[in-house]
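Visitor: Spelled out from the first residue to the last, the chains are:
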Amino acid sequence: MIAKAHNPPSLHPPFSAYSLGMEVSGAERWLHLSGQVGVRKDGSVPPDAEGQMEECWAKIFAILDAAGMEKANMIKVTGYVTRSDDIGLFRQVRDRLMEGHEPASTLVVVAGLANPDWIVEIEAVAAA
Amino acid sequence: MIAKAHNPPSLHPPFSAYSLGMEVSGAERWLHLSGQVGVRKDGSVPPDAEGQMEECWAKIFAILDAAGMEKANMIKVTGYVTRSDDIGLFRQVRDRLMEGHEPASTLVVVAGLANPDWIVEIEAVAAA
Amino acid sequence: MIAKAHNPPSLHPPFSAYSLGMEVSGAERWLHLSGQVGVRKDGSVPPDAEGQMEECWAKIFAILDAAGMEKANMIKVTGYVTRSDDIGLFRQVRDRLMEGHEPASTLVVVAGLANPDWIVEIEAVAAA
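These protein sequence lines are chains A, B and C, in that order. My numbering puts the first residue of the first sequence at 1, with every later residue one more than the last. My numbering puts the first residue of the second sequence at 1, with every later residue one more than the last. My numbering puts the first residue of the third sequence at 1, with every later residue one more than the last.
None of these hints come from the bench; they were simulated from the model. Treat the hints loosely; a few may be bogus.
[As the list claims (entries may be wrong)] Sample of chain B residues at the chain A side, in silico, Cβ under 10 Å:
#1 K4
#2 P8
#3 H12
#4 S19
#5 G21
#6 V24
#7 S25
#8 A27
#9 K76
#10 T82
#11 I87
#12 R91
#13 T106
#14 L107
#15 G112
#16 A127
[Claimed, not checked] Quick list of in silico lysine-lysine cross-link-like pairs, DSBU-like style, CA-CA up to 35 Å:
#17 C:K4 to B:K71
#18 A:K71 to C:K41
#19 C:K71 to C:K41
#20 A:K4 to C:K71
#21 A:K71 to A:K4
#22 A:K71 to B:K71
#23 B:K4 to A:K4
#24 C:K41 to A:K4
#25 A:K71 to A:K41
Glycine included, each C-beta is placed from N, C-alpha and C at the ideal position.
Same shape as in the complex, but just chain A:
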């Protein structure tokens, strides 16, 4: 599988460390990840946005690992946050944990998630 980022110079660059488009050639496997939320294995939920975001990403990385993939296999991520004030933090945490990998990305503010305690949900598509 070859993944190629597209950021045409005629366009405004991405607003943080992601790519405007990500092209995949020769994928043999695709992995669709459910929206992950910040619920730990024991059912507890970090009270703060950063804690929930870090938990979401840890779960995404664990699911990638279960499929024999790693963060470099991520092609697209979609973030849903419930508070617009968390947008900057979402980008900071994503960019830090991606360690230089820049998948395509969509980020929107939703009216809510499946549980009122949750303030972020992140899904992803990966390929190998």
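Fit chains B and C to the supplied structure of chain A, relying on the hints for placement.
Guide: For chains B and C alone, kept in the frame of chain A given last:
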């Protein structure tokens, strides 16, 4: 096509009958379904959430059928509801109609859909 | 790559120029596009919804072009608008700029986007 569910034991299990990740190998065909809403062929809309949800799923199954696929081909579903009170019902209806098939799933509460009468929209990705 | 639209006659037809489902066979390349917003290269943002929508589509077409694709390669688009009053306009602009190509489509109203000046975000998946 081989679809393999990933639910790593180190993570909190899914909150209902879906998979944290769904991996696809050897897909020859992919089907992307538009967000389906609870509008019947005659243009009428069930007034209740359950009726709209059942209509959405019936339409998804009809489109899968038109492509020579069935519910076991579903890899990812995304649900958009306009009322957080319908979250539990959404899961109940999905789990009942999936009959044991557990695709990846994302579920968010949105501020609205394209018509104020609509209270649920469901899209899906399938592979064969 | 062969793309085939599915609009089963037993279902209510699409509400504008899109397809209920879009099937892809024999794809060698997939392109996932980040949600595009109406920010021009110089950082300015059209104040009106139509201007922002046209900018989103222009960016999508530029990214497709960078990947050696064109609008006929678009399989699925997802539109996020922040104001329900813009739904009709969203469909008009999309249908006009698609020039007869009818990908699968989802359209939802979100509580906000990553910047309060943005009133529309559009992402897409394409194949070749």
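Visitor: Hints broken by the structure, by number, lowest first?
Guide: none
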